[in-house]
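Undergrad: Here's the letter readout for the chains.
There are 2 protein chains.
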Amino acid sequence: MSKVNESAASHGVIHLRPVDNVAIATATLAAGTTLWLSGREICVNRSIPAGHKFAVASIPSGLPVIKYGCPIGNATAAVFCGDHVHTHNLTDHHVVSNDLTTVSPPSPPTKLSRTFDGFHRADGRVGTRNYVALISTVNCSASVCHKVAERFDQQRMKRWPNVDGVFAATHTTGCAMQFNGIKQKMLGRVLAGYSRHPNVGACLILGLGCEQTTAGYLTEHQGIVSLYAPSGEKLTRDDGIPIMTMQSEGGTRATIAKAETFVEQLLDRANMFTRAPADASALVVGTECGGSDGYSGLTANPAVGVVSDRVVACGGTSVISETTELYGAEHLLVARSRTPEVAQKLLDRIQWWKDYVAMYDGQIDNNPSAGNKAGGLTTITEKSLGAVSKSGSTTLEEVYEYATPITSKGLVVMDSPGFDPASVTGKVAGGANLVLFTTGRGSCFGCKPTPVIKIATNSAMYESMRDDMDLNAGTLLEGRDLQDVGEEFFDFALEVASGRKTCSEELGLGDHEFVPWTVGPTL
Amino acid sequence: MSKVNESAASHGVIHLRPVDNVAIATATLAAGTTLWLSGREICVNRSIPAGHKFAVASIPSGLPVIKYGCPIGNATAAVFCGDHVHTHNLTDHHVVSNDLTTVSPPSPPTKLSRTFDGFHRADGRVGTRNYVALISTVNCSASVCHKVAERFDQQRMKRWPNVDGVFAATHTTGCAMQFNGIKQKMLGRVLAGYSRHPNVGACLILGLGCEQTTAGYLTEHQGIVSLYAPSGEKLTRDDGIPIMTMQSEGGTRATIAKAETFVEQLLDRANMFTRAPADASALVVGTECGGSDGYSGLTANPAVGVVSDRVVACGGTSVISETTELYGAEHLLVARSRTPEVAQKLLDRIQWWKDYVAMYDGQIDNNPSAGNKAGGLTTITEKSLGAVSKSGSTTLEEVYEYATPITSKGLVVMDSPGFDPASVTGKVAGGANLVLFTTGRGSCFGCKPTPVIKIATNSAMYESMRDDMDLNAGTLLEGRDLQDVGEEFFDFALEVASGRKTCSEELGLGDHEFVPWTVGPTL
Ligand SMILES: [Ca+2]
Ligand SMILES: [Ca+2]
Ligand SMILES: [Ca+2]
Ligand SMILES: [Ca+2]
Ligand SMILES: [Ca+2]
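Heads up: the sequence lines are chains S and F, in that order. Residues in the first sequence are numbered from 1 upward in steps of one, following full-length UniProt numbering. Residues in the second sequence are numbered from 1 upward in steps of one, following full-length UniProt numbering.
Simulated from the structure, these hints should not be mistaken for laboratory data. A virtual CB, placed ideally from N, CA and C, is assigned to each residue, including glycine. Treat the hints loosely; a few may be bogus.
[Claimed, not checked] Sample of chain F residues with no beta-carbon within 10 Å of chain S, all distances over it, derived:
(1) G32
(2) H86
(3) D92
(4) H94
(5) N139
(6) L208
(7) F273
(8) S369
(9) G371
(10) D420
(11) L507
(12) G508
(13) E513
[As the list claims (entries may be wrong)] The calculated label-pair distances, taken between Cβ atoms and stated as ranges, are:
(14) A31/F / Q344/S: 33 to 41 Å
(15) Q344/S / F80/F: 54 to 62 Å
(16) D467/S / G124/F: 39 to 47 Å
(17) G69/S / R156/F: 57 to 65 Å
(18) T76/F / P405/S: 51 to 59 Å
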């Protein structure tokens, strides 16, 4: 689909591919509406909500419902032409294929050369923002981190014009877990990834003191170099991170006071960085969808796919995650993998998820959520076919575990849940310096230190949540060309990378969306 | 132990019971120190850190190490008199007994009659505080909740002198989970418990709109009565809770503005409550330990046990939780259970935990934490024998699942992890209107809407973290009488229930420690 069917769109209907036996209403269709679609007359026999599907052919019970040219599940009853197709008559029976003979990476895209203005760091990475981070090792030091950050308001920050702000990355765990078990390792990776993030000009790690995720743990297992006794001189070291604990400082009040002094020094240090031209190959763009609706896979996700292809053509990195939402469309990424080994890594992560949810007698395809369903998405395969279009069309180069450092160029997968804050936190920990976030129902997500560009899937929601939406992909339903829209979005992304503020940055969001995903019991 | 051995304490050593084959150093003992203890000379053959144990008799490899008069594990090597006893030569092999023939509830304590000044609610419960709560159904509305709460600072709150403040209860989940599965049920119970808490004079529930834990879910599954279109008139209903979503309001900015107006109305409503004398039977006291050390079980926990006994004698409720830390001492609670059925419920929860951690190849006795071990605790049985002393000596009346409403009087158990914020959040959700929190290493925990009294286990930490510690149980090491200290702590608890601020309230803590415990995958 490089262009949405203009005449159908003008009817308030999209019929994506000729082989599809369902079409999508783009506005509520009244019962009894008669449409002329692909050469035949169709009478809609009940009201079809916007974003929902109706049959454009008879589908016998047990046979596939086709959308995007792919099966999205089977009819559970005889479906007649004009019937609403949703959870009452459609179910998914997706089976993951382990056949690696389909692996056949596409030819590389034509090279592009673009730049943005970023903060060049000592390790060669480039930041799109320049924050000072207060990172909490455990929930027990969360309030102190927030109280310190709150002391650096807009007025006071004028002293450090090159710094975007001071933020607190606090969380709900850090103790009562198996020492160096899966839960602690995952958390450690996230904390280390944030502390060394290219968008972080300087960082202070703050703990209580008796937690399991101590400074010592981070030093030993995550290579954090600590400066236990920071002075002005020591803080000029590029790789040193001061670490404090409340127990050694004498409690809440003393810690806040001392941390405030440290943060002033860190701000002086971060303020020495200024923006300079950088090649777009330094971009690490995370893609995400949240609050999907029936349009996500038709408009915003394919448009993000175009941006992903541009980023890869520039030599940059595009990161898709949300493994639970790749399930159902994993065969498309398997076929595009660089090697069978890369494809196998993806299939291994999907198998891990199947085993994991089975421990709780759950199913990986419990998704789509109630909100997704209200928006017209019926099955996980349907949602995933739409979700995976965020990855564009380039070769899958690598598969990363959650929150591990991303070093490959090109398109990569990071394993994560679909849950927005946990998924984005993992990609940012891996090094994402820009996030493209599509939403149909209307998410208000923001994430410090990485700017999040929110893209509406439909014009109605774009208008009703104008303060929160950066871009509108709903224009694709009105006949705009996908490549044109994608190119505009890419230009906007480069502007944001260079410092243009996103809606969520203007609104000051991102202080409570740091959500490290961890697996394993809280003891 | 009603009195710590005075002469031993003056040596810097505690030998708790005559049968114990270890003693505890209360200050670092230098290598070569010679002590006269229970009629024999003991030479400490290496330096013993404060809080750590040393042998006062030879213990052959494989035989029990005895403390509190109970086995705390077995020696893994031959231990000689004067040896340091810790992880290098002591390990735990605790086996849970399912023998219910030991159930034999103690006779009830002599009735006490005490009062405090509290906020009498329509359902008969009594608050010790009077907050307005902003409750987030999902992480996606967390920032908005915090931004609304921040608008009601101390200056502005002078308009509502009977209200303690506006706080935001936000969390990291609420979506991407099995619908009405264990994870959502647990979260739903916590949110409902906070919204109806006796310390909450009025409440606003705020969501994004497309999450799984919607207003509709809370209404259907948790009995939350919503007022979808709140007006001044409707807000006078006692049982109505206004619920808003960001998607229906048009995004972040519009939601904050409208919520601010609602909160003003809710403050007017909450401000109509004033303190009036209440019987102490309305107290629901949660007990907790966090950042335990070698003194927790010697000083602060037994002192809290005395308070628990007083609360029960008044007809009130005492809630112990931290199931992972009851493990190892569950036989003491089994023996004190009201009925075999109550004892079985406790054993069932312990079995659940064993099965749960086994799914991750973990062990329930992974605890004590690194911090605990540094403080001198070696085994979970040792820690648990000390932890369970918070429950005092009365009959165990009931066992509750996490975050369920507590309706019994007397001593009860609520299932929870030991992790402080998750454990306290569950007890508060169950209705705890006061929390007694013991700490050896020095926790700075606070929790809105319930005041938390922090009790130091030792005078050194009490002095070094003076701003955070409300009470000092370290005086028990200097020869004070346990019943006297417990009585003083109970008097202090009644003052706090009547409005006296705790240290964590003075410091403004409790906005980031709302941590609903949930089990099951994030999808
Ligand atoms: Ca999604
Ligand atoms: Ca998502
Ligand atoms: Ca937080
Ligand atoms: Ca504890
Ligand atoms: Ca605890």
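Undergrad: Would you mind marking each hint as holding or not holding in the structure?
TA: Verification of the supplied hints:
Separation of G32/F from chain S is adequate, the least Cβ-Cβ distance of about 29 Å exceeding the 10 Å criterion. Listed as outside the interface, H86/F is consistent with that label: its C-beta sits roughly 16 Å from the nearest C-beta of chain S, beyond the 10 Å cut-off. With 10 Å as the threshold on Cβ separation, the claim that D92/F sits away from chain S holds: the shortest Cβ distance comes to roughly 15 Å. For H94/F, the non-interface assignment is confirmed: its Cβ lies about 15 Å from the closest Cβ of chain S, beyond the 10 Å cut-off.
Listed as a non-interface residue, N139/F fails to keep its Cβ farther than 10 Å from every Cβ of chain S; the least gap is roughly 5 Å. Distance check on L208/F: its Cβ comes as close as 7 Å (rounded) to a Cβ of chain S, failing to clear the 10 Å threshold; non-interface status is violated. The Cβ of F273/F lies farther than 10 Å from every Cβ of chain S, with a closest approach of about 27 Å, so its non-interface assignment holds. Not every C-beta of chain S lies more than 10 Å from that of S369/F, the closest at about 5 Å, which undercuts listing it as non-interface.
Residue-level check failed: G371/F sits 3 Å from the nearest beta carbon of chain S, not beyond 10 Å. A beta-carbon of chain S comes within 10 Å of the beta-carbon of D420/F; the shortest separation is about 7 Å. Residue placement check: L507/F does not keep its beta carbon more than 10 Å from all beta carbons of chain S (closest about 5 Å). With a least CB separation of 7 Å from chain S, G508/F falls inside the 10 Å interface cut-off, contrary to its annotation.
For E513/F, the non-interface assignment is contradicted: its Cβ lies about 7 Å from the closest Cβ of chain S, within the 10 Å cut-off. Checked against the hint of 33 to 41 Å, the C-beta distance between A31/F and Q344/S comes to roughly 57 Å, which is inconsistent with it. Range check, Q344/S to F80/F: Cβ separation about 56 Å, and the 54 to 62 Å hint holds. Checked against the hint of 39 to 47 Å, the C-beta distance between D467/S and G124/F comes to roughly 44 Å, which is consistent with it.
As the Cβ distance of G69/S to R156/F is approximately 58 Å, the hint placing it in 57 to 65 Å holds. In this structure, T76/F and P405/S break the distance hint of 51 to 59 Å, their C-beta atoms being roughly 40 Å apart.
Violated hints for the displayed structure, listed by number in ascending order: 5, 6, 8, 9, 10, 11, 12, 13, 14, 18.
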